[in-house]
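> The chain contents come next:
Number of protein chains: 2
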Amino acid sequence: MTLRNFKSSAPTMHSVAEAAGVSVSTVSRVVRGHVDVGEASRARVQAVIEELGYRPSPIARALVSGHSMTIGLLVSDIANPFYPQLAKSVERAARKHGYALVICNTEDDPRETKKHVEMLEDLRVGGIVQASGGADDQALLKQVRDRVPVVFTNRRPSVEPSNYVVADNAGGAVALTEHLLEQGHLRIGFVAGPEFASNAAERLKGFRSAIESRESRGQGLLHAGSFSMESGRIAVQDWWDEGRLPTAIIGVNDLVAVGVLEQLMILGLKVPDDVAVAGFDDIELVGSKLLSLTSVRQDIEQMGIEAVKMLVRLLHSESRVAGVRKIIRAQVIVRGSTSYRLTALDQIRPRGRGVGSQL
Amino acid sequence: MTLRNFKSSAPTMHSVAEAAGVSVSTVSRVVRGHVDVGEASRARVQAVIEELGYRPSPIARALVSGHSMTIGLLVSDIANPFYPQLAKSVERAARKHGYALVICNTEDDPRETKKHVEMLEDLRVGGIVQASGGADDQALLKQVRDRVPVVFTNRRPSVEPSNYVVADNAGGAVALTEHLLEQGHLRIGFVAGPEFASNAAERLKGFRSAIESRESRGQGLLHAGSFSMESGRIAVQDWWDEGRLPTAIIGVNDLVAVGVLEQLMILGLKVPDDVAVAGFDDIELVGSKLLSLTSVRQDIEQMGIEAVKMLVRLLHSESRVAGVRKIIRAQVIVRGSTSYRLTALDQIRPRGRGVGSQL
DNA sequence: GTGAAAGCGCTAACAT
DNA sequence: ATGTTAGCGCTTTCAC
Numbered sequence: 001m002t003l004r005n006f007k008s009s010a011p012t013m014h015s016v017a018e019a020a021g022v023s024v025s026t027v028s029r030v031v032r033g034h035v036d037v038g039e040a041s042r043a044r045v046q047a048v049i050e051e052l053g054y055r056p057s058p059i060a061r062a063l064v065s066g067h068s069m070t071i072g073l074l075v076s077d078i079a080n081p082f083y084p085q086l087a088k089s090v091e092r093a094a095r096k097h098g099y100a101l102v103i104c105n106t107e108d109d110p111r112e113t114k115k116h117v118e119m120l121e122d123l124r125v126g127g128i129v130q131a132s133g134g135a136d137d138q139a140l141l142k143q144v145r146d147r148v149p150v151v152f153t154n155r156r157p158s159v160e161p162s163n164y165v166v167a168d169n170a171g172g173a174v175a176l177t178e179h180l181l182e183q184g185h186l187r188i189g190f191v192a193g194p195e196f197a198s199n200a201a202e203r204l205k206g207f208r209s210a211i212e213s214r215e216s217r218g219q220g221l222l223h224a225g226s227f228s229m230e231s232g233r234i235a236v237q238d239w240w241d242e243g244r245l246p247t248a249i250i251g252v253n254d255l256v257a258v259g260v261l262e263q264l265m266i267l268g269l270k271v272p273d274d275v276a277v278a279g280f281d282d283i284e285l286v287g288s289k290l291l292s293l294t295s296v297r298q299d300i301e302q303m304g305i306e307a308v309k310m311l312v313r314l315l316h317s318e319s320r321v322a323g324v325r326k327i328i329r330a331q332v333i334v335r336g337s338t339s340y341r342l343t344a345l346d347q348i349r350p351r352g353r354g355v356g357s358q359l
Numbered sequence: 001m002t003l004r005n006f007k008s009s010a011p012t013m014h015s016v017a018e019a020a021g022v023s024v025s026t027v028s029r030v031v032r033g034h035v036d037v038g039e040a041s042r043a044r045v046q047a048v049i050e051e052l053g054y055r056p057s058p059i060a061r062a063l064v065s066g067h068s069m070t071i072g073l074l075v076s077d078i079a080n081p082f083y084p085q086l087a088k089s090v091e092r093a094a095r096k097h098g099y100a101l102v103i104c105n106t107e108d109d110p111r112e113t114k115k116h117v118e119m120l121e122d123l124r125v126g127g128i129v130q131a132s133g134g135a136d137d138q139a140l141l142k143q144v145r146d147r148v149p150v151v152f153t154n155r156r157p158s159v160e161p162s163n164y165v166v167a168d169n170a171g172g173a174v175a176l177t178e179h180l181l182e183q184g185h186l187r188i189g190f191v192a193g194p195e196f197a198s199n200a201a202e203r204l205k206g207f208r209s210a211i212e213s214r215e216s217r218g219q220g221l222l223h224a225g226s227f228s229m230e231s232g233r234i235a236v237q238d239w240w241d242e243g244r245l246p247t248a249i250i251g252v253n254d255l256v257a258v259g260v261l262e263q264l265m266i267l268g269l270k271v272p273d274d275v276a277v278a279g280f281d282d283i284e285l286v287g288s289k290l291l292s293l294t295s296v297r298q299d300i301e302q303m304g305i306e307a308v309k310m311l312v313r314l315l316h317s318e319s320r321v322a323g324v325r326k327i328i329r330a331q332v333i334v335r336g337s338t339s340y341r342l343t344a345l346d347q348i349r350p351r352g353r354g355v356g357s358q359l
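Those protein sequences? They're chains A and B, same order as listed.
Once you know that position 71 of the first sequence is 71 in my numbering, the rest is easy, because the numbers rise by one and skip nothing.
Once you know that position 299 of the second sequence is 299 in my numbering, the rest is easy, because the numbers rise by one and skip nothing.
Just so you know, these hints were derived from the structure itself, not from any lab.
Computed from a predicted structure; not experimentally measured.
Worth double-checking, as some hints may not be accurate.
Chain copies aren't distinguished; within one or between two, either way the pair holds.
Here are the simulated SDA-like cross-link-like pairs (lysine to any residue), alpha carbons at most 20 Å apart as the crow flies [as the list claims (entries may be wrong)]: (1) K88 with D77; (2) K115 with E284; (3) K142 with S41; (4) K96 with E178; (5) K114 with T70; (6) K114 with R217; (7) K88 with I305; (8) K289 with R95; (9) K115 with S209; (10) K289 with D274; (11) K114 with G53.
Can you make the complete structure from the sequences, with help from the hints?
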């Protein structure tokens, strides 16, 4: 009834304790589900918590414990459709484990990465999922030392030992290239990605090895590029200008492949009749009949789930094990862009070791 | 040199103070750029900070100040291409003001929204950008009371007074419909979105008013739907089955329009010859020559920037003003899907009051 | 089983 | 201009 008892701010542990007639430590125990609490107290505290609508402060918790229940996700470009799909999965999985997600755009710039990681450290994140690693993987690990566990995904890290979950990019590329060879293509073009991105490198490697295998009589053409549509368009135009357009073109990812499709259309060429086209990732869009793009599918959702699972396991294991890896299967989804026999009916060609060694 | 001085953890304000031979308050003043600090001390402290690589703890700051330098962004579905574009812009703008961004997926579910907002409150975010408001706008404002400023965007909130920055959806819809009418279309279909989404409602309203204007001799057809491709496909199929397919179809957003395109293709119909198609948002993808979709562009980047700007202004103004609004111009980007005279050359038809009253 | 007390890294009076 | 002190809301010994 006193005037000074005016505080209308959010209930704290203190106010709960007061209202329940116990000490804050008891409330703390109840909140954390500790065992050493009498039934009577527990019930009373629970009731008060309910009544007051008390919610523990994650900030205070983070300050004292050194951990916020947060995970950081590093992506090069959230506007690239692949990443939102991954982010969605990671967010879901993280939340299932009680973690909130902070997404950071690195733009594949080491300085940006560094700044973001500093911020994540300051936020006392429980762990970091790096989905767009590159040349600075080493620096990242050095920066966080053993303070924050890191799981790489999408792109295999360039440093060992490290924890990662990536798709069998090379295997997928081999399967895809073989599919194209089987279709009778002899001149196959590959629009590559940036060299610092290991997924791009592995896809290229798989392509090369398939082309160079002794059963193959195919010839490979290469064009440098990035992960953008623009990159695909440029490659096609260049090849066209040089008068040596391949009869089949692989984009290092679906965005590039879409760029390829676009430029081919502009040139008045038919897909797959004149040129077959395929990509990687099987992002949602390209499965549409409008594009009907053959693509190497990596289960993006599974990748996100596994990455979080790995991170959480790392978090809970006191020993800072490093070197946990998991390989996700990659399978070729054959669609109209590489096979004109296909109309409504798409085929699936499984592939990849899909083993997942677990140290 | 003592053994116990082993602590290798991150430098704190305390350790900086010690090393610089001053008190923590002085360090705090230096860090915050306070004026009342002697040149000598300031220099010494700066040097030590540099040397130790000290970074202030945002968590401790948040605990004492009640604010983390964070902004929450609520979106219905991060995998919908519109939102990553918005998120990117919001993140950039937020960071420019020193804020980090936390993205939350509400799935247009009030319960999810509520839970996420609770989390954001507990995180002591400086403000919230709600990009997917709906029936629960009222509840959201009630939940945060005056604790956290909220700016609505994309969808105009259903409650007044409130702060928002949205596009001139109705105006854009009118302009788009008029464009279709000018093209000679008399039966125009509109695939609507969920009723709780005001942007969808306003687009429909604009469509209706254009159709019903006295100059128009057009007839409007309506099909209920959501914001998904599926929604567009179903509408087309239904109309087709009923034998009353319009000669022009507007999707409530680009995703729906793409679904429309897809189903038309499956039915073997030509765009724009048999049916013209248009959408809203002008997301990056649909500008591609592959789709060449006519769309009502709202400057997504500008929308994000303005939303953050508004939020920051709200944050800095002690008075909790409510009722700040801004309307973004909407313009019809005419492409091949509604005009077969167009090939490489796209036209722009500006529209919208584009005023932006500013209370 | 429960409480008292120290302290996480800061900011903000209030001294001086 | 600078130092001292009291918290912010919690967890965590350590007593009892």
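> Could you run down the list of hints and mark each one as holding or not?
Hint check results:
Taking the closest pair of Cα atoms, K88 and D77 come within 20 Å of each other both inside a single copy (14 Å) and across two copies (8 Å). Taking CA atoms no more than 20 Å apart as the test, K115 paired with E284 passes in neither setting, with 31 Å inside one copy and 28 Å between copies. Taking the shortest alpha-carbon separations for K142 and S41, neither the intra-copy value of 47 Å nor the inter-copy value of 32 Å comes in at or below 20 Å. For the identical chains of this complex, K96 and E178 are neighbours neither inside a copy (40 Å) nor across copies (48 Å), given an alpha-carbon limit of 20 Å.
In this homomeric assembly, K114 and T70 come within 20 Å of each other (Cα to Cα) both inside a single copy, at 18 Å, and across copies, at 19 Å. Taking CA atoms no more than 20 Å apart as the test, K114 paired with R217 passes in neither setting, with 46 Å inside one copy and 61 Å between copies. When the C-alpha separation of K88 and I305 is checked against a cutoff of 20 Å, the pair qualifies only within one copy, where the shortest distance is 10 Å, while the shortest distance between copies is 23 Å. Proximity of K289 and R95 under a CA criterion of 20 Å is satisfied in neither setting, with 34 Å inside one chain copy and 39 Å between copies.
In this homomeric assembly, K115 and S209 never come within 20 Å of each other (Cα to Cα): the closest approach is 38 Å inside a single copy and 50 Å across copies. Proximity of K289 to D274 under the C-alpha cut-off of 20 Å is found in both arrangements, the shortest distances being 19 Å within a copy and 18 Å between copies. For the homomeric pair K114 and G53, the shortest alpha-carbon distance between copies (14 Å) is at most 20 Å, but the shortest distance inside one copy (39 Å) is not.
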